[in-house]
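Chain order of the listed sequences is G and C. The first sequence lines up with residues -3 to 253 when you count with my numbering. The second sequence lines up with residues -3 to 253 when you count with my numbering.
Just so you know, not all the hints are guaranteed correct.
For chains that are exact copies, the list does not tell them apart, and a pair is met inside one copy or across any two.
To be verified - Here are the simulated lysine-lysine pairs, BS3-like style, with alpha carbons at most 30 angstroms apart:
1) Lys221 - Lys194
2) Lys126 - Lys101
3) Lys101 - Lys194
4) Lys194 - Lys143
5) Lys194 - Lys126
6) Lys221 - Lys126
7) Lys201 - Lys143
8) Lys201 - Lys101
9) Lys90 - Lys164
10) Lys194 - Lys90
11) Lys143 - Lys126
12) Lys211 - Lys101
13) Lys164 - Lys143
14) Lys221 - Lys90
15) Lys201 - Lys164
16) Lys90 - Lys143
17) Lys143 - Lys221
18) Lys143 - Lys94
19) Lys202 - Lys143
20) Lys211 - Lys143
21) Lys202 - Lys101
Since the hints were made in silico from the structure, they are not lab data.
Protein chains: 2
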Amino acid sequence: MTHKAGPEIEKTMPVKSKRAEQDGAGEGFSAEVIEQIRRLHLFSSLSPSDVGQILEGAEIVLASRETDLFLQNDPADCYYILLSGQVALLVTDKAGRKSIIEVVKQGDTFGEEAIFDRGRFPFGARTLEKSRLIRVPADAFFQNISKDFRFVLLMMASISSHLRFLVKQVGELKLKTTEQRLASYILALAGDHEGNLKVRLPYDKKILASQLGMKPESLSRALAKLREQGVSTVDDGIYVESVADLRDYCSDSVLYE
Amino acid sequence: MTHKAGPEIEKTMPVKSKRAEQDGAGEGFSAEVIEQIRRLHLFSSLSPSDVGQILEGAEIVLASRETDLFLQNDPADCYYILLSGQVALLVTDKAGRKSIIEVVKQGDTFGEEAIFDRGRFPFGARTLEKSRLIRVPADAFFQNISKDFRFVLLMMASISSHLRFLVKQVGELKLKTTEQRLASYILALAGDHEGNLKVRLPYDKKILASQLGMKPESLSRALAKLREQGVSTVDDGIYVESVADLRDYCSDSVLYE
C-alpha cells in the first residue's frame, strides 16, 4: 500500500472567524463552520467560543475518494472529525490483506485514542468517498483538552463508545454465523421499523463483506440463505418482507446493544 | 445466568492508612496496599498520597472462583482494578451462549469505559479463580479524576489501550484462520524467545477456545493441524519445536502489535 496522503488531500487553512476578526485574537474557524461543528454530538453541549478554543490549531481537510489519511502504525500526530463523506478504518496483515474495522459516521471522531496510547495508529484510515474533515494536531489537542474538564469527559465518552462498538463486534464475530451477522447488519439499518422494508446498502458489496468479516463469496451465500427469511436483493438495495420475522430469526444471537 | 455477586464476594473495608492515622484524615488504604497499587502500571507515576486521593472511597474486594462481579447490561456504578487472580470479560447472547472478550491481566482496570459511556456495562465480568480487586465507585471516581489532570491522561491511555486490544482482536477474527489465531496466541505467550519452548496454557481449553472465538472441537482440530508446524501437546502445556518456524508460518497474517 502506498501512502497517498500527500498529493491527494487539498487542505484548507482555517478561515478567520468573525469573533477572531473582531477581537484580533488570530485565526480560527468561521462562524458557519463553528455552527456546523456544534451540531455534532461531541460538541453539542459547548458554546461557540468553547468550540473555537478546543479546536484551536485545527484545520479543515478536503480529501478525494480513496485517500489514505493515515496508515496503520503511522505516528499518531493528530485526530480527525468527519464532517461529511465516508471513511473506513482498516487493519492490514503482512500479506497485504485488509479488513475494515469500522466505517466512520458523520460527526464521529477517529484516531484520538492513539494519541493517549502508544502514539501510533492501530488502524489506517481511508476515505470511501470525497470527504470533509477537521484535523486536530496532537499538540494542540493536549493543550486544549486541559482547558475544559467538560471536554475531557466528552472525549472519554467518545472513546468509550468506540470501545463498546468493538466489544459488540468481537462478540458477534465469535458467536454469530455469517447469515446472522448479515441479518443483524440489515436490522441495524432498519432501526425500529416494522412490516416490510427496502433498505439501501450504504457501500459496495466488497466493503460490506470486509466490514462483516467475510469474503465477498460468503456474503453472496449468506444473502442467498436469508432468502428463506424473506430477504431478497432488489436494484441497489435489499427487500425485507417482514422486519419482525427477521428480528425473530436473529433473536437467538442478539447481543447487548 | 444467576447473579452471584452478593453472597460470594467477601468485602474488606479499607484499612486505616498510616498517613490517615497520623493526620486523622479518615479512612484509606494501608501503606502496604498503596505500595502494591503503585507497582501497577496505571499508578506508577503517582506519589503515595496521590494514589490515596485518587482511590478515595474505593474498597478492596475478595471474590472466590466463578463469581460474577457484574453482569452485561448492569448499571455501571463502579470500575475495578485487578490486584491478583484472573477475571474474564464476557458477552452473552439471548440464547445464553457466552463468549470471552478478554481475560484481564493483573494490574489492569476494567469497566471504567462504561461509566463515561452509556452507564451500563457492555460485558459481564466473572472471576476465573480466587481474585483480589479494588472496586472504585463511579461517584468517587468522577470526584477524584477531576482533581489531577495527570490521572485523567493515565485513564484515557488505559481505555485507549483496551481499545487497541479490541481492534487487534477484530482484525484477527476477520483475517485469520483458527490455526493462525491459535498460533498467534502461543507466540504471544512465547514473547521474544527463540528455539524450542514449552508453554503452559494459562486457562482451561474451554475458556481458551471461547477467548479465541472457536468451539472447543475447533481448538482441538487447530491443535492437530499445528502438529505439522512442530506444535504438540504435552502434560498441561504446549511444546513448540521452533518458535522462529512458527513465527514464519504466522507471519503472513501478523497484524500490527
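Against the structure, the hints come out as follows:
no.: 1; hint: Lys221 - Lys194; in the structure: within (18 angstroms within a copy, 44 angstroms between copies)
no.: 2; hint: Lys126 - Lys101; in the structure: within (14 angstroms within a copy, 42 angstroms between copies)
no.: 3; hint: Lys101 - Lys194; in the structure: within (21 angstroms within a copy, 46 angstroms between copies)
no.: 4; hint: Lys194 - Lys143; in the structure: neither (47 angstroms within a copy, 52 angstroms between copies)
no.: 5; hint: Lys194 - Lys126; in the structure: within (26 angstroms within a copy, 52 angstroms between copies)
no.: 6; hint: Lys221 - Lys126; in the structure: neither (34 angstroms within a copy, 45 angstroms between copies)
no.: 7; hint: Lys201 - Lys143; in the structure: neither (44 angstroms within a copy, 49 angstroms between copies)
no.: 8; hint: Lys201 - Lys101; in the structure: within (18 angstroms within a copy, 39 angstroms between copies)
no.: 9; hint: Lys90 - Lys164; in the structure: both (26 angstroms within a copy, 14 angstroms between copies)
no.: 10; hint: Lys194 - Lys90; in the structure: between (39 angstroms within a copy, 27 angstroms between copies)
no.: 11; hint: Lys143 - Lys126; in the structure: neither (33 angstroms within a copy, 43 angstroms between copies)
no.: 12; hint: Lys211 - Lys101; in the structure: within (23 angstroms within a copy, 34 angstroms between copies)
no.: 13; hint: Lys164 - Lys143; in the structure: neither (33 angstroms within a copy, 33 angstroms between copies)
no.: 14; hint: Lys221 - Lys90; in the structure: between (33 angstroms within a copy, 22 angstroms between copies)
no.: 15; hint: Lys201 - Lys164; in the structure: both (22 angstroms within a copy, 23 angstroms between copies)
no.: 16; hint: Lys90 - Lys143; in the structure: neither (41 angstroms within a copy, 44 angstroms between copies)
no.: 17; hint: Lys143 - Lys221; in the structure: neither (54 angstroms within a copy, 56 angstroms between copies)
no.: 18; hint: Lys143 - Lys94; in the structure: neither (39 angstroms within a copy, 43 angstroms between copies)
no.: 19; hint: Lys202 - Lys143; in the structure: neither (43 angstroms within a copy, 48 angstroms between copies)
no.: 20; hint: Lys211 - Lys143; in the structure: neither (46 angstroms within a copy, 49 angstroms between copies)
no.: 21; hint: Lys202 - Lys101; in the structure: within (18 angstroms within a copy, 37 angstroms between copies)
Of the numbered hints given earlier, the model fails hints 4, 6, 7, 11, 13, 16, 17, 18, 19, 20; all others are met.
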